[in-house]
Each structure stands twice: as structure tokens, then as C-alpha cells.
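Q: Spelled out, the chains give:
There are 2 protein chains.
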Amino acid sequence: MKKLINSPDTVVTDALAGIAAAHSSLAVDIENKVILRAAGPTAGKVGLVSGGGSGHEPLHGGFVGYGMLDAACAGEVFTSPVPDQMLVATKGVNGGAGVLHIVKNYTGDVLNFQMAAELADDEGIEVTSVVVNDDVAVQDSLYTAGRRGVGATVFVEKIAGALAERGAPLAQVAAVAAEVNERSRSFGVALTSCTVPAAGKPTFDLAEQEIELGIGIHGEPGRTRAPLQPASAIVEIVMDAINADLAVDGDLLVMVNGMGGTPLIELYGAFNEVSKYTTGHGGRIVRNLVGNYITSLEMQGFSVTVCHLTDTLADLWDAPVDTPGLRWGR
Amino acid sequence: MKKLINSPDTVVTDALAGIAAAHSSLAVDIENKVILRAAGPTAGKVGLVSGGGSGHEPLHGGFVGYGMLDAACAGEVFTSPVPDQMLVATKGVNGGAGVLHIVKNYTGDVLNFQMAAELADDEGIEVTSVVVNDDVAVQDSLYTAGRRGVGATVFVEKIAGALAERGAPLAQVAAVAAEVNERSRSFGVALTSCTVPAAGKPTFDLAEQEIELGIGIHGEPGRTRAPLQPASAIVEIVMDAINADLAVDGDLLVMVNGMGGTPLIELYGAFNEVSKYTTGHGGRIVRNLVGNYITSLEMQGFSVTVCHLTDTLADLWDAPVDTPGLRWGR
Chain A
-15 MKKLINSPDT VVTDALAGIA AAHSSLAVDI ENKVILRAAG PTAGKVGLVS
35 GGGSGHEPLH GGFVGYGMLD AACAGEVFTS PVPDQMLVAT KGVNGGAGVL
85 HIVKNYTGDV LNFQMAAELA DDEGIEVTSV VVNDDVAVQD SLYTAGRRGV
135 GATVFVEKIA GALAERGAPL AQVAAVAAEV NERSRSFGVA LTSCTVPAAG
185 KPTFDLAEQE IELGIGIHGE PGRTRAPLQP ASAIVEIVMD AINADLAVDG
235 DLLVMVNGMG GTPLIELYGA FNEVSKYTTG HGGRIVRNLV GNYITSLEMQ
285 GFSVTVCHLT DTLADLWDAP VDTPGLRWGR
Chain B
-15 MKKLINSPDT VVTDALAGIA AAHSSLAVDI ENKVILRAAG PTAGKVGLVS
35 GGGSGHEPLH GGFVGYGMLD AACAGEVFTS PVPDQMLVAT KGVNGGAGVL
85 HIVKNYTGDV LNFQMAAELA DDEGIEVTSV VVNDDVAVQD SLYTAGRRGV
135 GATVFVEKIA GALAERGAPL AQVAAVAAEV NERSRSFGVA LTSCTVPAAG
185 KPTFDLAEQE IELGIGIHGE PGRTRAPLQP ASAIVEIVMD AINADLAVDG
235 DLLVMVNGMG GTPLIELYGA FNEVSKYTTG HGGRIVRNLV GNYITSLEMQ
285 GFSVTVCHLT DTLADLWDAP VDTPGLRWGR
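As you go down the protein sequences, you meet chains A and B in turn. Everything in the first sequence is counted per the working numbering, starting at -15 for the first residue and increasing by one. Everything in the second sequence is counted per the working numbering, starting at -15 for the first residue and increasing by one.
None of these hints come from the bench; they were simulated from the model. All values derive from a computational prediction rather than experimental measurement. Where hints are given, some of them may not hold.
Stated by the list, open to error - Pairwise CB distance ranges (calculated):
hint, chain 1, residue 1, chain 2, residue 2, range
1, A, 27, B, 14, 47 to 53 Å
2, A, 110, B, 191, 52 to 58 Å
3, A, 231, B, 28, 23 to 29 Å
4, A, 302, B, 182, 49 to 55 Å
5, B, 191, A, 306, 49 to 55 Å
Note that CB positions come from ideal geometry on N, CA and C, so glycine has one too.
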């Protein structure tokens, strides 16, 4: 295992210390592994909390800040945070207007956020949860009953965060989060595995000219393996899978996301193929992200997430955001 | 070779087409491989042109936009663009106040930009060049007489771009670019090689537990090879090399840059070590970047660039910037 780390035991806390040193806009509770806005909760604003296993950076901690999340809980690599962390985060962002939990659909995350919501309720904090499940690759997966939550999480955090910033009540913020999830679909491809530091060896093995279609963000098995082929052919498989689930027509927000080890030159090439595909299917990409937003450590590969925009969602997408991982317009 | 590409022959143009599809703020001349601001030259503003081999994305094309570059020329992967491209870019950004060429110190780039400057001069465009040579690792290198130009290029493009945006004349913009270069030092480390698409095999070989200290951004040999060791020890070697060349005290702008295949969780851990080192040596990191800014395809590894700030340079660093690769404050 070749990694730029001190030890598998400290990889998460070392990164949290680095985030704390780099971003004065954030307050990092290293002991509890919770990242919050340094300014504290905004009175009267719905608080947004997300979290999950580490190894997907910049998700979620990199999306804490104005116009997006109020706090993120970091688990160990590819391991759900525990309810106590989520409770610390929930209490830390409570501005009196309730808290939204944004939960990727993995069984551990869902159960732990559910428990945290109950604990928060005991302390008089109203919590609503939205579960993100946009991955069309497989119906059930290694760690998940139902579809996995992947790239749409970035869209949900951005758009719900914008609405919360405008002072909308909890029910409306939760509704827009659910709407974004319902209008989004994703599919991922791995060219290589990744190595969880504590495991010390690759999560899975792929042959020299083999790729995995429909991979999960923890390296969970996808639909099938296939030979390496040109990017245009790989993108067609990805987009056919998404399009079969929800036709990619109309105005679209599209993310071509790197898994962590794929360089930007390749992601832009893939975006070009996605753009050609959607144009050929009556779709129009009116907003986009190309880069590393929800990663799987150093895995080589990419995912595509398509969200069907409305004017309201586009307006919320365009609203100012100021986080380490996403920043514009302010 | 496992890459998300259509073919080695089209990797650069496919990426340029993707950049064009993704960013309406940019005008991409795919035939000439030049990326310009869509709005065209700003009358009375000094135009900033940079460029170099592809494979270092987001550098340089991702830094075209308000507050930074006016145009970037893309060569083939790890290959200098030709003078004709540079001339197209220079003419395309000429707003009547002259043009600054920002050139990384590689022999091919330097010669070609020099020829382009002469061609532009023949057409009545005043050009000044600044050569970036911040890499302390080796005195001469595979493609370079003198020090290589690496991470400081990002700082030069940002800070000179800000001054140009304020309407400063060419001599002042060139002077601040040279000042940033003189105040900056870099050092890089590779954990793995990268593979140039046209070559089809890794540029160099490293053993399973071996790293290369002082690597260049094209995989050029560094100072020495060493066993893999904890991030804290690797960072100490990096920072000792930088500190030996120019003491890391005072107010610093620091970039911990990923080589393309190293995930953000590791870069933040490394930033934490850099932060501890500078604090221990009388330095204060008052601005920072952590992420992939000047890459080497899918290479695993990182580089550190340290720039000694003045109040003026910090103010220019903070000025609004709106490019695909760097964006804030506007």
C-alpha cells in the first residue's frame, strides 16, 4: 500500500487537522470528527447536517459553509459515523428552525442518522431526514437495501442549502432535497480499485484491461465487468443506464465526477462524450460540474450524475455558495 | 495502459472539446489548441498568456478567466505548444496595452514563447515574458537548463492577473510576476509514475515501497529515491529542501498540490504536516490552496509551493477571480 499518510489509524484525524489548519471558515471538532461553520448556527435558519464514511472528499466536510451544509460528520474510511457524532453536529447547527439530515442510502448511515434524530428529538430539536438514492446501477448492494446514494448528494446539499439560506422552513427545505433526489440519477465506472488504509490491500481486483460498470463509491460490485474500451463507448453504457431509468431530455444539471485517481484531462474528455449523448437524446446541459466531488480514495474511474432541473432548482443551484469544495457568486 | 480516453491521438482535443462544452465563459479554438476568454480582449488591459504541455490540468486552460489568464495554449501531453499557437493566443488577447507571456522554465517552452514574442513584435504587439523557475529540487533537469517551473506558476498567474485586471501597465504586471516567482519555492514527490498516452507505458518505475524525491511534473528524475515513509517524514524532507533555499518564516502563501492521483484526504493530511513545520520555523501560513492545481496526469504524489507574501501580494491574491480552476470573491 502506497499512501501519503502517517498511519492507517490517524488518516482521518490527520486530514481533519489539515482541514482545520487550511480553512478558518470552519470549526473542526477533531475529537468528535465533526466539521461545522466557524460562525456557529444561524438563528432562524434550518441547519443542514450530512456525513458518512471518510474517503469521499471533498464530500461532505468540504461542502460545509455558506449556502450549503452547516455541519458534516466524518466516519472512519468507508465507515458510517456514529449517532453521537451526528447528535453533536445536530446540536451544533440548531438555530431554532429545525435540522435537516441528508443521508446517503447505506444501511449503517441510515440507521445511525435515525438514532441521532431520535436523540435530537429527545432534546427538543426537530429533525427531518432525506435519504439520497440516485444510483441506478444496482437495486440492492453490499451495504445497502435499495439504491445507493452517490453523486446526487452534492446536488441535494447545494440546492437545499441555498433554500435554507433564504430562510425557508424545514418542511420546504426537506421537500426540495427530496425533489432533487427524485430528479437525479447516477452511474459509476471503475478502472482500478482503491485501497482502504486499514485493510492495506485493494478492495477488489480488476484485470489489466478490465473495468467495472456500475461500481459503488466504496468499491461495491456493480452490474458487470467489461473490457476496457474507448471513453465514448464507456460513456454510452453509463448514459444508456441512466437514460433507461429516466430519459435524459430537457434542461439538465450534469456532474462528471472523478473517483479520485482520474485526472481532469480525462474527465473533460468524458464530459464531451456526455454532452454529445445528451444532445442526441433531446437533453440540454445547462449547468455542470467536472472534477472530483465524491471520490473513492485513489480509485481511477468516474461517475455521471444527471439532475432534471426546473427554473426554481436552477435558481437555487446558481445561488451563492462559499465552501472549500464549491464556491461561487458571493 | 488504463485510461478513460478515446485514443492517445485525440486525448488533448477531446479534453478541449469538453472544456468548451462545460464553460461558456471560455472560447476554445480547438484547431489551434488555444483557450481564450469568450468575451475577447479587454481594451486597455494587459493580456496574460500562458501555456505548456497538456497533462497538468487545471493548469493552464482552467485558469483562463476574470482575474487570471486571458489565454492558454495547450501542447500535446507533456510537449510544448508551438510558436504559432502562442501567436494566435497573443493576438487574441491584445487589448492594446501589451501582452505578458508566463513561461514555465522548460527549454522547449522558453524557445517557443521567445519565437512567438518576436512574431508578435513583428505585428506591433508589445510582449514581455516572465520565466517561472521555482523548483529547488535540481539545478538542471531532463528538459530544462536551470530550475524547473512548477507550482509558483499558479501564484504568478493569479497575482499578475489581478494586477492586470486593475489596469496596471505591462511593466508593472511583469514586475509583480517576476517578484512572485522570486519569492516562491517548490519541491515535489512521486509515489507512482504516470503514463503518457502516446507512450503507453509508465514514464519511470518505482518499487512497491519506493518514492522519488524532487520529481518533476513530467516525471523527470528528482534528487534521489527513498523508501516510503510516514507523511510527516516525507513532508519534513520537502520542507527542509525548500527551507534550505529560502527560510520559511514570515507570512506565507502555501499550496499543497496533488499530482493527479492522490486523494484530497491525503493532501489535507500533508497540509497539516506542512503547517506544523512552518509554525516550527517561524512561518505563518496566511493563505493556502490544497488540491489538484498543477498535475502530472494520474501520478500519485504531491508538491509544496511556498510564496513569501507582502501586503501587496496578499491583496492581489485576495482579489476576485473567476476561472474553472480557481474562483472566489466575485
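Q: All the hints need checking, so say for each whether the structure fits it.
A: Each hint, compared with the structure:
no.: 1; hint: A:27 / B:14: 47 to 53 Å; verdict: holds, 51 Å
no.: 2; hint: A:110 / B:191: 52 to 58 Å; verdict: holds, 57 Å
no.: 3; hint: A:231 / B:28: 23 to 29 Å; verdict: violated, 49 Å
no.: 4; hint: A:302 / B:182: 49 to 55 Å; verdict: violated, 40 Å
no.: 5; hint: B:191 / A:306: 49 to 55 Å; verdict: violated, 44 Å
Of the numbered hints stated above, those contradicted by the structure are hints 3, 4 and 5, listed in ascending order.
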